[in-house]
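When you get a sec, could you build the whole thing from the sequences and use the hints?
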Amino acid sequence: MTQGAVQQSFRFGNTELPPDAQRARRRAVRLAWLTIGFLVTAVTATYLVMGSSQAMKAAWAEDLLSFIPPVAFLVALHVTGRVPSERHPYGYHRSVGIGHLVAATALLTMGAFLVFDSLSGLLAGEHPPVGLIVVLGHEIWAGWLMVAVLAYTIVPPVLLGRAKMPLAEQLHDRVLYADADMNKADWMTAVGGIVGVLGIGAGLWWADAVAALFISGSILHDGVRNLRSAVAALMDARATTVDGTQPHPLHDRIDATLRALPWVAQAQSRVRDEGHVFHVEAFVVPRDGMPTQAQLQHAWHAVADLDWKVQDLVVAPVDELPEELLPGLRDATGARPG
Amino acid sequence: MTSSRRRRTRAGTRDAHRAARRARGAALVAGAFALVALTGCGADAPTFPTDPDGTLERVRGGELRAGLSPHEPWTALGPDGSPDGVEVALVEDFADSLGADVTWTTGGEEALVADLEEGRLDVVVGGFTASTPWTSKAAVTVAYTTVTDEHGKPEGHVVLAPMGENAFLVALERHLLDQEVTAP
Numbered sequence: 001m002t003q004g005a006v007q008q009s010f011r012f013g014n015t016e017l018p019p020d021a022q023r024a025r026r027r028a029v030r031l032a033w034l035t036i037g038f039l040v041t042a043v044t045a046t047y048l049v050m051g052s053s054q055a056m057k058a059a060w061a062e063d064l065l066s067f068i069p070p071v072a073f074l075v076a077l078h079v080t081g082r083v084p085s086e087r088h089p090y091g092y093h094r095s096v097g098i099g100h101l102v103a104a105t106a107l108l109t110m111g112a113f114l115v116f117d118s119l120s121g122l123l124a125g126e127h128p129p130v131g132l133i134v135v136l137g138h139e140i141w142a143g144w145l146m147v148a149v150l151a152y153t154i155v156p157p158v159l160l161g162r163a164k165m166p167l168a169e170q171l172h173d174r175v176l177y178a179d180a181d182m183n184k185a186d187w188m189t190a191v192g193g194i195v196g197v198l199g200i201g202a203g204l205w206w207a208d209a210v211a212a213l214f215i216s217g218s219i220l221h222d223g224v225r226n227l228r229s230a231v232a233a234l235m236d237a238r239a240t241t242v243d244g245t246q247p248h249p250l251h252d253r254i255d256a257t258l259r260a261l262p263w264v265a266q267a268q269s270r271v272r273d274e275g276h277v278f279h280v281e282a283f284v285v286p287r288d289g290m291p292t293q294a295q296l297q298h299a300w301h302a303v304a305d306l307d308w309k310v311q312d313l314v315v316a317p318v319d320e321l322p323e324e325l326l327p328g329l330r331d332a333t334g335a336r337p338g
Numbered sequence: 001m002t003s004s005r006r007r008r009t010r011a012g013t014r015d016a017h018r019a020a021r022r023a024r025g026a027a028l029v030a031g032a033f034a035l036v037a038l039t040g041c042g043a044d045a046p047t048f049p050t051d052p053d054g055t056l057e058r059v060r061g062g063e064l065r066a067g068l069s070p071h072e073p074w075t076a077l078g079p080d081g082s083p084d085g086v087e088v089a090l091v092e093d094f095a096d097s098l099g100a101d102v103t104w105t106t107g108g109e110e111a112l113v114a115d116l117e118e119g120r121l122d123v124v125v126g127g128f129t130a131s132t133p134w135t136s137k138a139a140v141t142v143a144y145t146t147v148t149d150e151h152g153k154p155e156g157h158v159v160l161a162p163m164g165e166n167a168f169l170v171a172l173e174r175h176l177l178d179q180e181v182t183a184p
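Chains as they are written, first to last, in the UniProt record's numbering: chain G, 1 to 338; chain B, 1 to 184.
Hints are computed from structural coordinates only; laboratory data are not their basis. A portion of the hints provided could be inaccurate.
[Stated by the list, open to error] Now the stretches of chain G that chain B is said to cover, found in silico as 3 or more residues with beta-carbon under 8 Å:
| no. | segment |
| --- | --- |
| 1 | 124 to 138 |
| 2 | 201 to 209 |
[To be verified] Quick partial rundown of chain G residues pointing at chain B, CB under 8 Å, derived from the structure:
| no. | residue |
| --- | --- |
| 3 | Trp141 |
| 4 | Gly143 |
| 5 | Val147 |
| 6 | Met188 |
| 7 | Gly192 |
[To be verified] If you anchor each label on the Cβ, the simulated ranges turn out as follows:
| no. | chain 1 | residue 1 | chain 2 | residue 2 | range |
| --- | --- | --- | --- | --- | --- |
| 8 | B | Ala19 | G | Arg228 | 15 to 21 Å |
| 9 | G | Val40 | B | Gln179 | 37 to 43 Å |
| 10 | G | Glu323 | B | Ala26 | 48 to 54 Å |
| 11 | G | Arg228 | B | Gly156 | 46 to 52 Å |
| 12 | G | Val135 | B | His151 | 24 to 30 Å |
| 13 | G | Val40 | B | Glu110 | 38 to 44 Å |
| 14 | G | Arg228 | B | Thr135 | 35 to 41 Å |
| 15 | G | Val75 | B | Ala19 | 33 to 39 Å |
Each residue gets a CB set at the ideal place from its N, CA and C atoms; glycine is no exception.
In structure tokens form, the structure reads like this:
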């Protein structure tokens with residue numbers, strides 16, 4: 001086993017993004033700022049008209065919480081840009097995971113609080129008062145203003161979410177994915193709020209609390225889902241697609257690339273998601289004896305050229321595949337080409 | 001084998017998640033349309049907003065039960081115990097506009113607000129301002145006049161109404177906004 005020596009000679013520097021990913025990054029940054037700008041207007045408008053409606057309060061809290069993912073994305077992007085140092089040899093990619101965890105925890109806490117708040121309002125039979133408001137000398141029912149503000153918040157988040165989604169996949173950024181996913185579902189909050197306010201107008205006092213319960217339930221749901229995926233990534237779960245539902249296809253491609261080399265008898269890797277980029281340890285069993293320096297170098301390039309995400313790569317020649325480091329091996333023996 | 005099955009079930013969860021989200025969205029839109037239809041076609045619901053407990057309809061042509069907590073110069077009790085002050089006049093005028101007679105109850109703020117909550121009173125006056133601490137127990141109207149308090153801060157003067165009786169609240173507020181009240 002010469003893993004130590006191999007690790008040192010094959011560890012190359014920092015990930016350079018290819019031009020199309022660079023463009024995606026710049027677009028994602030613009031969209032994050034655009035989201036923040038929109039949220040400033042939405043939060044201000046909602047605050048000004050929310051009055052005593054519980055549904056408006058929940059919608060406002062959701063808009064406030066929506067600041068966290070784009071801000072976390074921008075901060076994480078800034079931090080991951082740092083070059084690995086002696087103190088941080090793996091770089092700063094984990095900042096994405098930390099941002100994701102923070103966002104998820106905020107959603108979970110606020111969602112739980114709002115569910116409790118709405119539910120206790122419903123059980124106590126609170127009747128929300130919504131009276132007149134004077135705008136530019138005109139007396140109008142405040143409910144119509146609430147409906148107008150909620151209607152304003154229906155469309156932009158959906159468009160922003162749709163624009164961010166492909167960028168999140170391309171950049172493999174979980175925070176951006178969580179943000180896009182929440183944006184895409186945000187119209188339901190607004191429509192739910194409108195139903196609640198119109199319900200108050202129709203004399204159904206409980207409609208407001210029920211709408212608030214629906215909105216806070218969706219915040220809580222987002223929190224739980226994101227917390228799961230953030231914790232899984234921080235626990236070094238195997239690399240998955242950005243939505244966390246499937247193993248990342250790059251993993252199979254890495255193994256297949258190594259197995260296709262003429263001097264390789266067996267190969268298998270383990271891949272963890274550092275945030276944006278992967279950390280790959282590939283174990284290869286050579287057909288006869290130690291591979292040459294040139295062969296190993298070639299193997300390293302063959303894998304690293306697959307994708308910009310796999311620059312942090314160790315190729316280790318071993319006598320046999322280490323079962324204790326590759327837990328999938330036990331299930332797969334026999335199925336794997338030997 | 002195992003891994004491909006796991007992959008399929010994971011993908012299944014995602015599809016289920018999407019389907020659930022779509023169903024939720026559809027239910028919401030249906031709810032919104034139902035509500036609009038309900039509020040649009042309701043011929044027997046003459047006002048929007050309307051009262052869950054029908055306060056405005058009950059008061060119209062009947063009795064307005066008003067509470068008074070003395071707070072000069074806004075509200076006061078005369079030597080013979082009869083209600084007096086700017087806010088008393090406001091309430092009497094409002095009752096007139098609805099063809100209703102006013103029945104006065106006097107007492108401390110806490111007792112009157114409790115009566116309002118229990119549905120034994122329709123309106124309470126007592127020199128309340130927009131920064132009243134009773135907001136979680138009573139609906140606070142728009143300010144009918146604004147005066148500068150002793151700290152130089154502008155303060156709106158308001159009247160208390162029952163929570164969530166929004167047709168009544170809107171009628172009361174319209175009346176208050178129509179009046180030209182000068183601070184006593």
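Hint check results:
1. 124 to 138: holds (count 9)
2. 201 to 209: holds (count 6)
3. Trp141: Hint on Trp141 of chain G: holds, closest Cβ of chain B at ~6 Å, below 8 Å.
4. Gly143: Since chain B brings a Cβ to about 6 Å from Gly143 of chain G, closer than 8 Å, the hint holds.
5. Val147: violated, 10 Å
6. Met188: Holds: closest Cβ of chain B sits about 6 Å from Met188 of chain G, inside 8 Å.
7. Gly192: holds, 6 Å
8. B:Ala19 - G:Arg228: 15 to 21 Å: holds, 19 Å
9. G:Val40 - B:Gln179: 37 to 43 Å: For Gln179 of chain B against Val40 of chain G, whose Cβ atoms are near 38 Å apart, the range 37 to 43 Å holds.
10. G:Glu323 - B:Ala26: 48 to 54 Å: With a Cβ separation near 50 Å, Glu323 of chain G and Ala26 of chain B satisfy 48 to 54 Å, so the hint holds.
11. G:Arg228 - B:Gly156: 46 to 52 Å: holds, 49 Å
12. G:Val135 - B:His151: 24 to 30 Å: For His151 of chain B against Val135 of chain G, whose Cβ atoms are near 29 Å apart, the range 24 to 30 Å holds.
13. G:Val40 - B:Glu110: 38 to 44 Å: 41 Å Cβ-Cβ, so the 38 to 44 Å window holds.
14. G:Arg228 - B:Thr135: 35 to 41 Å: About 39 Å separates the Cβ atoms of Arg228 of chain G and Thr135 of chain B, which means 35 to 41 Å holds.
15. G:Val75 - B:Ala19: 33 to 39 Å: holds, 35 Å
Checked against the numbered hints given earlier, the structure breaks only hint 5 and satisfies all the rest.
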